[in-house]
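Student: So you can see what is in the structure, the chains are spelled out below.
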Amino acid sequence: MSQYIAANQASQRAFYQQLKKYYSFYTGGFLLFLLALAVAEQMGMSRRWIGYWFLFATIALYAGIGIMSRTVDAAEYYVAGRRVPAFFNGMATGADWMSAASFIGMAGTLYLAGFDGLAWVMGWTGGYVLVALFLAPYLRKFGQFTIPDFLGERYGGNIVRSVGIFAAILCSFTYVVAQIYGVGLITSRFTGLEFQYGVFVGLGGILVCSFLGGMRAVTWTQVAQYIILIIAYLTPVIWLSYKHTGNPIPQLGYATALQKVTEREKVLATDPKEIEVRNIFKARAAAADAKLQDVPAAYAADKAAADKKIADLRAAAAPAPDIAAAEKAAAAFKDEASAKAAWTKEKGLAARANPPTPHAQPFPGKDEKAQDIARRNFLGIVFCMMIGTAALPHILMRYYTTPSVKQARQSVTWSLFFIFLLYFTAPALAVLAKFDVYHFLVGSSFASLPAWAANWAAVDATLLSITDVNKDGIVQLAEIVLGGDIIVLATPEIAGLPYVISGLVAAGGLAAALSTADGLLLTIANALSHDLYYKMLDPSASTARRVTVSKILLLVVALVAATVSSLKPGNILFLVGAAFSFAASSFFPALVLGIFWKRANKWGAIVGMAAGLGICMYYMVQTYPFFGGVAANQWFGMSPVTAGVFGVPVGILTIIIVSLLTAKPDERVQELVEHVRYPHLRGDTLNTQGT
Amino acid sequence: MQVSEKHKEYWRKNLVITGILLSIWFVVTFPEAWFARELNQFTFLGFPLGFYMSAQGSLIVYVVIIGVYAWYMNKLDVEYGVDEGDE
Chain C
1 MSQYIAANQA SQRAFYQQLK KYYSFYTGGF LLFLLALAVA EQMGMSRRWI
51 GYWFLFATIA LYAGIGIMSR TVDAAEYYVA GRRVPAFFNG MATGADWMSA
101 ASFIGMAGTL YLAGFDGLAW VMGWTGGYVL VALFLAPYLR KFGQFTIPDF
151 LGERYGGNIV RSVGIFAAIL CSFTYVVAQI YGVGLITSRF TGLEFQYGVF
201 VGLGGILVCS FLGGMRAVTW TQVAQYIILI IAYLTPVIWL SYKHTGNPIP
251 QLGYATALQK VTEREKVLAT DPKEIEVRNI FKARAAAADA KLQDVPAAYA
301 ADKAAADKKI ADLRAAAAPA PDIAAAEKAA AAFKDEASAK AAWTKEKGLA
351 ARANPPTPHA QPFPGKDEKA QDIARRNFLG IVFCMMIGTA ALPHILMRYY
401 TTPSVKQARQ SVTWSLFFIF LLYFTAPALA VLAKFDVYHF LVGSSFASLP
451 AWAANWAAVD ATLLSITDVN KDGIVQLAEI VLGGDIIVLA TPEIAGLPYV
501 ISGLVAAGGL AAALSTADGL LLTIANALSH DLYYKMLDPS ASTARRVTVS
551 KILLLVVALV AATVSSLKPG NILFLVGAAF SFAASSFFPA LVLGIFWKRA
601 NKWGAIVGMA AGLGICMYYM VQTYPFFGGV AANQWFGMSP VTAGVFGVPV
651 GILTIIIVSL LTAKPDERVQ ELVEHVRYPH LRGDTLNTQG T
Chain X
1 MQVSEKHKEY WRKNLVITGI LLSIWFVVTF PEAWFARELN QFTFLGFPLG
51 FYMSAQGSLI VYVVIIGVYA WYMNKLDVEY GVDEGDE
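Each protein sequence line maps, in turn, to chains C and X. Counting with this note's numbering, you get residues 1 to 691 for the letters of the first sequence. Counting with this note's numbering, you get residues 1 to 87 for the letters of the second sequence.
Quick caveat, the hints were computed from the structure, so don't treat them as lab data. Some hints could be false.
Partner residues are not named here, just some residues of chain X that face chain C (Cβ under 8 Å, in silico) [what the hints assert, rightly or not]: (1) 36; (2) 54; (3) 67.
Each residue gets a CB set at the ideal place from its N, CA and C atoms; glycine is no exception.
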């Protein structure tokens, strides 16, 4: 046995050295590729072609790794042969973890929400503490293939496993729809394809990584994707930081930028021109509100006025374009319903009548009550994202792939370190971009906008729109409407970098979305093929058959997810938040109590998981408008994404109460718990390693 | 399978370190965020302290917590003879 271990460790060391060599070459090669494209750009290569090169070269690369890693062996397919060294598993987890929402959306959320956006940053990093302390080493010792596997073994019986399968699919599917949506968005932006086609091109990219090689292929492409995404994220921010603060380390340098932004906020809050614009919005919103009080009367009056204007213009033989414009304006009021919609939208301008919120101020609100609710929601988001992190099956599954318990522990450290690199840069990027907007865009004249602003405003009005509301020819802050995603997408241009860096950023966003989608699809397909098919329906299936079934299911799930995404369902951040709350309420209590409390039993787990998930879903349906819910149903003013705040405690308490009311688990379970608690027990005959 | 007194002691030590690290995690997360407004009255490295902690400070503490846990437990494994063989 010990000889076997020694030989195994020697080969593991050699494998690690080899991996380091491969990925160093790979990183060097990628940098050369960047350099070559930069030269090509100087020599006149068009932007569209640079975009194509990034798209096709990176997807071809992932496909290459995917094909080289093809396998029909179950342990290779489900857990990459359990020989992924801690360092590389950390990188793979980082890519698995950081989605399109983190890469593209995070800095934008921080730009728009200021301090309150930091709830996501804290939640999505601090959760790893729980992974490290409560789950990773124990799951690795248990050593099977999926999370429902653990629940099934620990609590016994197919009901627990079924609840586990249902919860795993529910949260992974919600999350993967958001990812494929992101892939479609980036692909269509990249190449000019329609969004719907972009989704399916992106899907091809996802499938080439995971289809042939399962977890093994996904692991090695995720490492490659991490390297691209981190280079893509950091390069423009470092440059922007150097440009604005003289310090190339953005995380230190942005202190001065934040101070200047704070000073500038004070100036802009009281600037007469800014107040003028805000008053225009206030007046327009008030006028619309007045009309909404009595829609039929206001409609009749407006329609009469519009008709009279057209008649007057005709009578005065005004130029044709003026008449056409007046007719167009009148057509917008074709019936009461459309007039009402237009006024409701106009009433929403009241939001733009407020002075800017200071960036570093926590929990802003108009009165103490609103501030308290903001603070409660901040803590609620932090709580749900942290517990959700420590419960999402696609992340926990990664800790089955390390060679040992020891490396599983180290691997969590590397995972969080690699994630931290991006997450502590995002707040810096948000402040640096704000510095730029507040100092250079605000106050510039409409005739000569900064180049990046002019470009983006022309490309997509949902990302950036600037209108000269008070007709003074100068940009006021209140005249700018900015979509969060522009912050990351436009950073290279704001920093004055060549277009090749913009292509790099898009490739990074694509890598982030693809890698997360891969991990999630694999989780769903494995829950169906391994847990449902093999463990419950046909336990005598051969290895080759299991892997084949898994591959087919992967394809089917991917197509279903892509079809759902192409329908553009709702808000991405909500979908992501919902996935976390679902996972937190269903898995976390049953997993942690299963390891730390021997008395937890089957019925406790079944009822507890169902109760936690049930409360969580009930709360979302009651409060989220998409399901017909209303904000008035909220408990303590908590927003729908924080449903886990209620689901998690209910889950924990239910498991404890029901377990105590029903019979103690048997001897076998006691042994299993002892087995997972110690990395190696002499004389322990229990072997839970999956094959 | 025999779980001896020594093994139980190993598990108790594991629970102690888990508890200590978890309390540190708790403090830099929830009370820190709850009192962010008050912390912002202080300045650290040029940042308002509450903002700094949520944007960087707490994150650094998280990385350190996990690193310390891995280091301590891997050492404890060897000490109590429950390690998986040396590397």
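Student: Does each hint fit the structure? Answer for all of them.
Tutor: Here is how each hint holds up against the structure:
1. 36: Interface hint status for residue 36 of chain X: holds (4 Å vs cutoff 8 Å).
2. 54: Because about 4 Å separates residue 54 of chain X from the closest Cβ in chain C, which is inside the 8 Å limit, the hint holds.
3. 67: Hint on residue 67 of chain X: holds, closest Cβ of chain C at ~5 Å, below 8 Å.
Every hint, counting from the list given before, is met by this structure.
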